[in-house]
Amino acid sequence: MAMFALADCKNFYVSSERLFRPELHGVPVVVLSNNDGCAVSRSDEAKALGVKMGQPYFQLLDLVERQGLIACSSNYALYADLSGRVMRTLSTMAPRIEVYSIDEAFLDLQGIQGDLEQLGREMRSRVLREVGIPVGVGIAPTKTLAKLANWAAKKWPATGGVVDLRDPARQRRLLALAEVGEVWGIGRKISARLNVMGITTALQLADFDRKTLRSMFNVNVERTARELAGELFFALEDGPEPKQMIACTRSFGERKHTLQELQEAVTGYATRAGEKLRGQRQLCQALQVFIRSSPFDQRGEAYSRATCVPLPFPSADTRDLVAAALGGLQAIYRPGPDYAKAGVILMDFVESGRFTQDLFAPTPRPGSERLMAAVDAINAKQGRGTIKPARLAADQGFSMKRERLSPRFTTSWGELLQVKC
DNA sequence: TCTGGGGTCCTAGGACCC
DNA sequence: TCTGGGGTCCTAGGACCC
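Just so you know, the working numbering puts 306 at position 306 of the first sequence, and the rest follows in order with no gaps.
Don't read these hints as lab results, they were simulated from the structure. All the pointers check out, no bait thrown in.
Cross-link-like lysine to any residue pairs, in silico, SDA-like; alpha carbons within 25 Å at most:
| # | residue 1 | residue 2 |
| --- | --- | --- |
| 1 | Lys-154 | Gly-230 |
| 2 | Lys-388 | Ala-77 |
| 3 | Lys-10 | Gln-55 |
| 4 | Lys-155 | Arg-126 |
Start from the sequences, fold in the hints, and give me the full structure.
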């Protein structure tokens, strides 16, 4: 019988900040998104104050002043580093692991003898001891149930952070306690429609007629219901599949207006996207570039345009990507709007070095692969942006608002250790 | 004044073909 | 001029996730 554990880091970004700032323990803390835009991670105390996921920072200022809420700018280099440590520790405790996101992983427990709940407790204590991050663990025969078990482990402290949901009777008791919107794969829209149909708990979804679910929603809602009932549909996935699209998009710290400003931004996004693309050893055949004003701006005109630019030949060369992106930008740019965001999305990937050569197609750049490999190596060693397109402004990448960044933090693990010692 | 970024999957509908 | 059904492929948009 299949058996999964879902290990999930508790309030991951906040826990990461607390690791190096003990004074943040026991007080309400949030970590903000890029540009200090909104709260993306909340401590239990912040949740108790009513801070919502994704809530804009400007709406939290009152809590900052009156309730002592502390807001930190995000430090993704730090979180990525800690995530790697958590995952390495977890991977020693099960034969197979699927890293599902920066802060959670499914572990394959099939065939493991002994007390699985005890194993879950060991996962918790080892990650806490070796990395310092608290995790919750849910154990169940399907991924969807393991997710729900993990939700229960977080919700009820008396569980000690581990919930074993192997027993079917226990499954049904928990399903009856969970609102249908808590189920993995059931979001806001679908749970609202389910509620109208009289389905408010996870148990009601698990028991509902499959055909109706499929016809009224889609195949995934049906599968989710069957997974809640113990039928296996979602398997553990090995190694990360190469991405099917790579996006690099940002909101601007301040509104932009001129073509030149947008060219600088788009050049930066195309450059970064190219690095990611080469990281998965693929070439892309098209890219999309978009620019838009803020949907929240009341004044000024709303403007949002995107265009898809095919590349003359499959490429991962920064020069080709930047040229295509700038060409697309030229086509959709118009002076006037207050531009708030832009992005570049790469798509239509093919394996590097394995695409069919069209005799009449333009010739790819000779030596491109070696040049880009050298650029990537230098940037990896000396820091991102050491070598970059000339169009990029010197401060590219740092135009982001990060006013709440802890001054002691660096993105270098070695220096962090020195700070701590 | 101030509202994130990066993904995946599914479906509906149109174009096109036989 | 009128009439049909089915298959495939593509795209845009919606919904979800963290």
